[in-house]
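Number of protein chains: 2
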Amino acid sequence: MASEFEIIRRYFNNHSRSVRLGVGDDGALIDLGGGKDLVLTTDTLVSGTHFLSSEDPTAIGFKSAAVNLSDLAAMGATPKYALLAITLPFSDEAWLERFSKGLYSVLNQYSVNLVGGDTTRGDVLSITLTAIGFVSSNKALRRDHATFDDDVWVSGLIGVGAVGLLIQRGTLRFSKRDEEDFLARLRKPEPRVELGQKLVGIANSAIDISDGLVADAGHVAKGSGTQIVIDFATIPTHTALNSSKRDPIIKNSILGGGDDYELLFTANPDAKEQIDSIARDLDLRLTRIGKVRSGSGVAVRDDGEELSVGFQRGFDHFAKRK
Amino acid sequence: MASEFEIIRRYFNNHSRSVRLGVGDDGALIDLGGGKDLVLTTDTLVSGTHFLSSEDPTAIGFKSAAVNLSDLAAMGATPKYALLAITLPFSDEAWLERFSKGLYSVLNQYSVNLVGGDTTRGDVLSITLTAIGFVSSNKALRRDHATFDDDVWVSGLIGVGAVGLLIQRGTLRFSKRDEEDFLARLRKPEPRVELGQKLVGIANSAIDISDGLVADAGHVAKGSGTQIVIDFATIPTHTALNSSKRDPIIKNSILGGGDDYELLFTANPDAKEQIDSIARDLDLRLTRIGKVRSGSGVAVRDDGEELSVGFQRGFDHFAKRK
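Here the protein sequences line up with chains H and S, keeping their order. Under the working numbering, read the first sequence as residues 1 to 322, first letter to last. Under the working numbering, read the second sequence as residues 1 to 322, first letter to last.
So the derived label-pair ranges between C-beta atoms look like this:
(1) H:91 to S:274: 40 to 46 Å
(2) S:105 to H:49: 25 to 31 Å
(3) H:34 to S:274: 31 to 37 Å
Taking lysine-lysine and the DSSO-like style, the derived pairs with C-alpha atoms no more than 30 Å apart in a straight line are:
(4) S:222 to H:101
(5) H:222 to H:36
(6) S:36 to H:36
No lab work stands behind these hints: they were computed from the structure. Positions of the beta carbon are idealized from the N, C-alpha and C atoms, including for glycine.
Isolated chain H, as found in the complex (with noise of 0.2 Å):
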């Protein structure tokens, strides 16, 4: 729904020198001065949007926390507060208690406080988690750097939390223990911050995979002025998808699917060893699946095709097959 805040944009032209970023990134960079920039973010999740109300607290709790950690990794900040702001259409402590238990594990893991928020009474449960961080000055991570000729990285494996949403609505079966791991990852994705802060001064590009690896793939290529080719063979997945990678459902679900929170970056191919001594450090897998080209779109090349994804096209492409 990126055209509706386009719209709320149109009527906004007064940022001030301290914004080296506003509306468009994972977050705002505000420079503080002193060597220090601020990073905001802001995201709700909503019932019946992105979760279904019967859904675990504790997962909902977990994921507020995880999907706003989560952007400011993909800036490459160390996230230090968050404000929750939270509308319940009902009064039930023991909810409130499995919901907050998700989030401190989150907040707690990462160091974050918890400063302020505030709560309020409405027809449909809804959270809006804002989290600040701070990122050395003009070191942040942005999604418009990336630079013809990089690589182009993933953390972690791809296409889980897609195949693990058509596991929960029963769509796709796995043996019991693969299915679990799928629903685990689905609901208690892992923010890659620490990733985040390692690649500053090394990644020239990043996002995180929300939307989908092609369309976050597109907002790169798109925000940096370049085209980005992706490797299907090389994309990393779950062991249980590796004999069905080219099943469409499952090719759509890695493409498309979001809800991995897994980073994407580019870096120059001189960065290799560093990204490799990254991924053992944090014991994290770290792939590299493409390049950053001239040209704009994503396109991905698989068994001697290349398919070009232009943008809206793109997006609605793998949008509808889901």
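With the hints as your guide, set chain S onto chain H.
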């Protein structure tokens, strides 16, 4: 619904030393170093609770910004940035345009930059604005620093928003001119941003009147471990209410109604001349309405009688009669 935030807070006890003030005041205060504190506040307005879905979107936009800046004003902060999270049940460009105009008319007036946000699809229209400001280190106005023998002051006129609401509902009738004035004040409350900044170093405590005069005075009394006594006759209100000030419905609007977004503050009696001078500078009425004394809760003095209002009982008491 403070009790629900209390439940959420119970699971969190991880405040770092940089957090001067967390959940509980109008905003959170964070020590940034370099002589500056960061002030953060977030507020949700949700359809059906804070406004009707049929309401003029310009007024909804205006109010979203005003209630947040009012929180910063109550802390003496200079507002600088805002983040907007909006959940929309529809895609309506004309609605968004009018909403944006209302929002920006306030943000632009106070040179506040909208730096980011999130638009979400959901069943109920909901707006969460997060406002960010700055104040000199350790100088923020707080609700927990009222001091014995302080004078209690309010800005502007009290009870106007609540009476406006009763006019809007058709419960009360006044002359057309007066009705328009009440409704305009209800729909476009003016955050007392300049006043808050000027009171830094002069007032000992401050709060914005959003829950109601007695309820918010009660927050100051409780936070500060004092009692506040209010002299009803001195409370400034709309000239159209002068003859009916003691009608139960009007008296309750003045003591119990929120929606005025004026500031209540306390200051040493010696500060009277400085405060009168601020009133002249800002062309804004500032009125002494009571005293801080030892005890707890809020007492309202009128016609030689004194009604002592306990915390919970007090708020419920007035709320029920609304």
